Amino acid sequence: MTLSVSLQHRLGDFDLDVAFEAPPGITVLFGRSGAGKTTIINAVAGLLTPQAGRIASNGTVLLDSASRQIVPPHKRRIGYVFQDARLFPHLNVRQNLAYGRWFAPKSAPREDKARIVDLLGIGHLLDRRPTGLSGGEKQRVAIGRALLASPQILLADEPLAALDEQRKAEILPYFERLRDEVTVPILYVSHAATEVARIATTVVALDGGRVARQGPAAEVMSDPAITPLGVRSAGAMLDARVQAHHADGLCTLEAEGVPLLLPRIDKPVGAAVRVWIEAQDVMLATEEPRGISALNVLETTVTELRLGAGPGVIVQLSFGRAFLLARITRRSAEALALEPGAPVFAVLKAVSVARDAISDAPRPQAETPKGAQGS
Amino acid sequence: MTEWLGPDEWRAVALSLKVSFWATLLSLPVGLWVAYVLARYEFRGKQLLNGLVHLPLILPPVVTGYLLLATFGTQGPVGRLLEPFGIVFAFRWTGAALAAAVMAFPLMVRAIRLSIEAVDPKLEEAAATLGASRFWVFLTITLPLILPGVIAGAVLAFAKAMGEFGATITFVSNIPGQTQTVPTAIYAFLQVPGGETSAWRLVIISIIVAMSALLLSEALARRAARKVQGT
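Protein chains in written order, with the numbering used here: chain A, 1 to 375; chain B, 376 to 606.
The set of hints was computed from the structure by calculation and includes no laboratory data. Please read these numbers as outputs of a predicted model, since none were measured by experiment. Among these hints, one or two may not hold up.
Unchecked claim - Restraint ranges, calculated between C-beta atoms of paired labels, are given here:
#, chain 1, residue 1, chain 2, residue 2, range
1, A, 72, B, 418, 15 to 23 Å
2, B, 438, A, 161, 52 to 60 Å
3, B, 418, A, 135, 33 to 41 Å
4, A, 61, B, 585, 55 to 63 Å
5, B, 452, A, 64, 18 to 26 Å
6, B, 496, A, 245, 46 to 54 Å
7, B, 438, A, 108, 54 to 62 Å
Beta carbons: idealized from backbone N, C-alpha and C, even for Gly.
Generate the whole structure from the sequences, applying the supplied hints.
Here is the structure:
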């Protein structure tokens, strides 16, 4: 199932003109506030009618301004997880979850309710009213409610933005599981790079109402030109595999044949993981450093330098087929005479990578059996 | 009860209850619809509709009554139109109900409109994304959430209908057993010597009915609000 979107919408000074495709898995609309993310997702939901555009899901047209076709929201077969959970206060959790099912066509493939409830860990809340739930619990129920409507597209508009760090860490794993276990495309709006790094299969980077770049998450995120949130949150994603756990609280991951020593994570040896490494945590050296506390020194090649407006430079480095980003000063880049093709050592402190920057790698969609059971 | 009350007094009480009941019941769906339209939609002529709804509240009741007579009376354009179908308002209890409904309408619409405006439209959007058409959104989300306001509006309208005097007496006069409601009966008793005792009995009944209606609505609204808030 694929969702294809093309939209033009002008509102005052804001001019939106985008076209992208969302394959199965999680497609993240990534960009700062005002980039047009919510306008796009509301247009897909039918809550906003753009001035021109075409939206089709798996061949079913939801909107086509050329032929004046506008499917109303309640007939679009979507599930929408809002930033504020928007649970119905007069219904209990069980009734909230069942709401979408009342209206889903009889022929629609039914999500197994017990499985969703189990996946989201909300079984003990079923008889409670939304008023008494915590923010994280509300959001989990909202996700369940959207899924149980048997949607053909799942939309999520910054579903974690209103939650504190602890609750975010509580919900993110559920989206990772959805990405790997649910077959419908998920369109997910975010302005948090670490969130994108953890869950995205595809990234559509938006800037000022335009698509700056779209493609597989690792490619888009390691492009030094794509820093929609400013250089501070720039970083790169590495696909790696757990190689060994150590008694001193560290573990060895292997990426492109290169070992990385990082804080220990709760994944078995052999598990495929994804690591988010922030550009400002990477240091560069032209000679191999000795007598240094940092545990990781990688031999890399400079592939691109990107000057920013300030004193900084974003340097893209490659090793094997993987990329890293390093954020250094222009002064350092000149002193080291960095230029594309130059060999350079990338230095990374193990402790600079937070535990939650390491997550499950997305399972390749083709291998996902339809209706796979959750563990 | 009938022994304590004289036959004329009893008839007036029974008629008032009947008139108010039907006036409230039949204007409720219309009031709900008008309140929803005023609360949720922007359209040309919205202020005109709003003004029209509130007109009975600000016009002298005699004027409203006379306008009703001119429109729905046997010689009025609408009255003449409806007469062949057996629907007659002039000097009938149905006319008293119509007058009470028109006079109570602004109060009902105001109460319901306020409660609709308090419902977050985002909840209705969420229901739409889950597959509910506009009708079902109203029935399953909006209506349960505004129920306390609807009850309050209906009781307010009922109480207003019980007390309506000016428009009623102008439109359908003051015929015992036909159009004589409690307020017009009190008025009539006060016009004849020795009528004070009867008038006092009706005054007491008016107070009891009004207080009961108020307490009942408070209790119902509290119950509905508790259910909505889920505590």
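**Prompt:** Honestly, do residue 438 (chain B) and residue 161 (chain A) meet the 52 to 60 Å range at C-beta?
**Reply:** Roughly 56 Å apart at Cβ, these two residues keep to the hinted range, so it holds.
**Message:** Range first: 54 to 62 Å. Now tell me if the beta carbons of residue 438 (chain B) and residue 108 (chain A) are that far apart.
**Reply:** This hint holds: roughly 58 Å between Cβ atoms.
**Asked** Measuring from beta carbon to beta carbon, are residue 72 (chain A) and residue 418 (chain B) in 15 to 23 Å?
**Response** With a Cβ separation near 19 Å, residue 72 (chain A) and residue 418 (chain B) satisfy 15 to 23 Å, so the hint holds.
**Request:** Indicate whether the distance between the beta carbons of residue 496 (chain B) and residue 245 (chain A) respects the range 46 to 54 Å.
**Result:** holds (52 Å)
**Request:** Indicate whether the distance between the beta carbons of residue 452 (chain B) and residue 64 (chain A) respects the range 18 to 26 Å.
**Result:** Since residue 452 (chain B) and residue 64 (chain A) have Cβ atoms about 49 Å apart, the given range 18 to 26 Å is violated.
**Status of the given 55 to 63 Å range, CB of residue 585 (chain B) versus CB of residue 61 (chain A)** = holds (59 Å)
**Prompt:** Taking the beta carbons of residue 418 (chain B) and residue 135 (chain A), is their distance inside 33 to 41 Å?
**Reply:** holds (38 Å)
Hint 5 from the list above is the single one not met by this structure.
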